[in-house]
Amino acid sequence: MTTVFIAFLLNFVVLFLIYVIFVLGLNIQWGQAGILNFGLVAFAMLGAYITGILMFHPTASSIMQVGLGLPFLVAFPIAVAVTGVIAWFISPIVKFGLEELAIITLAFAVLVHIVTDNEAWLTGGTTGLMITSNLNDRLDVLTYNLAFVGILLVVALAVYYFTRTLNFSQFGRILNAIRLDELKAKSLGIDAVSYRMKAFVIGSVIVAIGGSLYLYFVVRTVPDLFPVDLTFILWIALLLGGSGNNRGAVLGMGIYMLLDMLARLYLNIPAHPEVGAGLKYVVTGLLLVVVIVRRPEGILGPRRSKYGG
Amino acid sequence: MTDQIWPIVSSFLLEMSILFLFAAGFHLIMRVPKFLNIAHPDYATLGAYIIWTLVVAVGWNIWLAVVISTAAVGAVAVLIDRFSFRYLRGAPLALLLCSMGVALVVRYGIFIGWTGRFRKLIVDLPNLVISGTVVSGTLLLALGLVVLVLLTFLFIVNRTPLGVRIRALADNSLLAESFGIDTEKTLRFVWFLSGASAPLGGLVLVLYRPLTYDVCFMWILLIIAVSILAGEKVSFTRLLGACAIIAAGMELGLFFLPEAYTMAIGFAILIIAIIVRRVVSR
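Here the protein sequences line up with chains A and B, keeping their order.
Just so you know, we're using my numbering here: the first sequence kicks off at -17 and counts up by one.
Just so you know, we're using my numbering here: the second sequence kicks off at 13 and counts up by one.
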């Protein structure tokens, strides 16, 4: 095994852990609160870009004219908090029905994408946003990737246990009650909208954490690092594993990443690079259809709770 | 004066036509089997690629290619329904998620099948000159196709026994079934009509844009917007009106916003439409 190959594998593990953070955020919104969010990627993008703007040093010649030059450890919590506030402002949309919610969130994601693409003074546009990172300057590729596997493993585990605790807490039980039967929950005096709004904000904040760390890892971002299709990949992973089930979400993401890695390793035909790139999506699409038609509860199914939820 | 206004009007008409050609089939699925078929624009892309292959690679006549592409995509839509959507009847969310999967399969199937190279469909359509104003061949074709699709759909839905079945199914599928309507057979027709209309929108779009695997997918939100705006009934005249509103909004928006944000205006109208509909329904 060459160093390059190990670095490649570690790169995959990093990406897997970032996607796991995203999918855990989605699981709070969909699996627990039943909020359909087709614009999840927008919050990852907000997390990454706000971090980037806070960390960037603008110069006279740079396309981006805004930046505070803050270190990551300061920029990261601010970016996550700001994304949380934005999510809170948007959160009243949870009052809408499922289909309306799907469209509005998708429209929001496309809108965020259009703005980052076109407002180069703020986001670097298609030329990209580049931050300076101490880790990136000092470490070689292998140690760098290994360091990020460590950082992300800690963060992903923390998020995993946070969502797990949340699920078993009173808050989580109320969310489950609302998802299973909103009318009954309301009859018990539960303010369903307010709980769902909170779940929307918590999910978005988790996704922003992932987005911010993603930028810190890749150092340079362009809008296409967060394609609108990424949301669908997260949805596929969640449905594949079993929505509402954290373990299922991680398993689904693992299956997707494995497919992605195999496609890049073995379907890398130099004359036809499109086969490897496209087949991954075709296979995930097929998997999604088969899972929904044949096993709608996912591979692991919903989480069995001692409360029967 | 005409020199200044005509380009805007012509661009508005073209946008409205493309939207209508995409939305007609989508609207039918949204109102009869009742779900948002995210894969619909990808059916249009598939149709456009089939036309391109038959015209540029095989060298056939464009009109023959359009007819074959229409029939082929109609058949593909029926087949996809047969193997996926059919098992999920009456579950709008499962259907929506399933259509996401179908969209990925079709879109990236196109990506693999017709490699990522630059492709352009060039068809020599005669322009029409009316007292000094040039009406482009593409616009004439677009308007012609809109009239054709509108009349065909209106005739089928309002004047034929099949249309009665389609409307019955749209209003209350359970009741329709209990009255002896073969719902599966009717839905097959609906899927064929929906699929067959898609390539026409794709054709007009790729006459002025290069072919890419996601050329039509970008339109999905606008398509959903007009379908919501058109209301709860299967009504193609209302749908055309909704397309005109959104297209006019996008054209007018160009006076205030850069071109990149025209789609944003469409979304703004969509969100206003959703909120207004909720307020009205209360």
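Read the hints as simulated data drawn from the structure, not as lab findings.
Hints are not guaranteed to be accurate.
Simulated restraints on C-beta separations [claimed, not checked]:
#1 B:269 <-> A:268: 17 to 25 Å
#2 A:202 <-> B:75: 44 to 52 Å
#3 A:249 <-> B:139: 55 to 63 Å
#4 A:109 <-> B:172: 35 to 43 Å
#5 A:109 <-> B:19: 30 to 38 Å
#6 B:140 <-> A:268: 45 to 53 Å
#7 A:155 <-> B:184: 36 to 44 Å
#8 A:74 <-> B:267: 29 to 37 Å
#9 B:134 <-> A:255: 51 to 59 Å
#10 A:-16 <-> B:68: 40 to 48 Å
#11 A:250 <-> B:68: 28 to 36 Å
#12 B:139 <-> A:50: 25 to 33 Å
All values reported here derive from a predicted model rather than from experimental measurement.
Cβ coordinates follow ideal geometry from the N, Cα and C atoms, glycine included.
Hints and how they fare:
1. The given range of 17 to 25 Å is broken by residue 269 (chain B) and residue 268 (chain A), whose C-beta atoms sit roughly 40 Å from each other.
2. The given range of 44 to 52 Å is respected by residue 202 (chain A) and residue 75 (chain B), whose C-beta atoms sit roughly 49 Å from each other.
3. Checking the proposed 55 to 63 Å range against residue 249 (chain A) and residue 139 (chain B) shows it is violated: the Cβ atoms sit about 46 Å from each other.
4. Checked against the hint of 35 to 43 Å, the pair residue 109 (chain A) and residue 172 (chain B) fails, with Cβ atoms roughly 56 Å apart.
5. Evaluation of the 30 to 38 Å hint for residue 109 (chain A) and residue 19 (chain B) yields a pass: the beta carbon distance comes to about 31 Å.
6. The given range of 45 to 53 Å is respected by residue 140 (chain B) and residue 268 (chain A), whose C-beta atoms sit roughly 47 Å from each other.
7. The hint said 36 to 44 Å for the Cβ distance between residue 155 (chain A) and residue 184 (chain B), and at roughly 38 Å that hint holds.
8. A hinted range of 29 to 37 Å for the beta carbons of residue 74 (chain A) and residue 267 (chain B) is consistent with their spacing of about 31 Å.
9. Checked against the hint of 51 to 59 Å, the C-beta distance between residue 134 (chain B) and residue 255 (chain A) comes to roughly 27 Å, which is inconsistent with it.
10. One distance hint, 40 to 48 Å for the beta-carbon pair residue -16 (chain A) and residue 68 (chain B), holds here, with the actual separation near 44 Å.
11. Look at residue 250 (chain A) against residue 68 (chain B): about 29 Å separates their beta carbons, and that is inside 28 to 36 Å.
12. Between residue 139 (chain B) and residue 50 (chain A) the CB atoms are about 55 Å apart, so this pair departs from the stated range of 25 to 33 Å.
Consistency with the previously given hints fails for numbers 1, 3, 4, 9, 12, ordered from lowest to highest.
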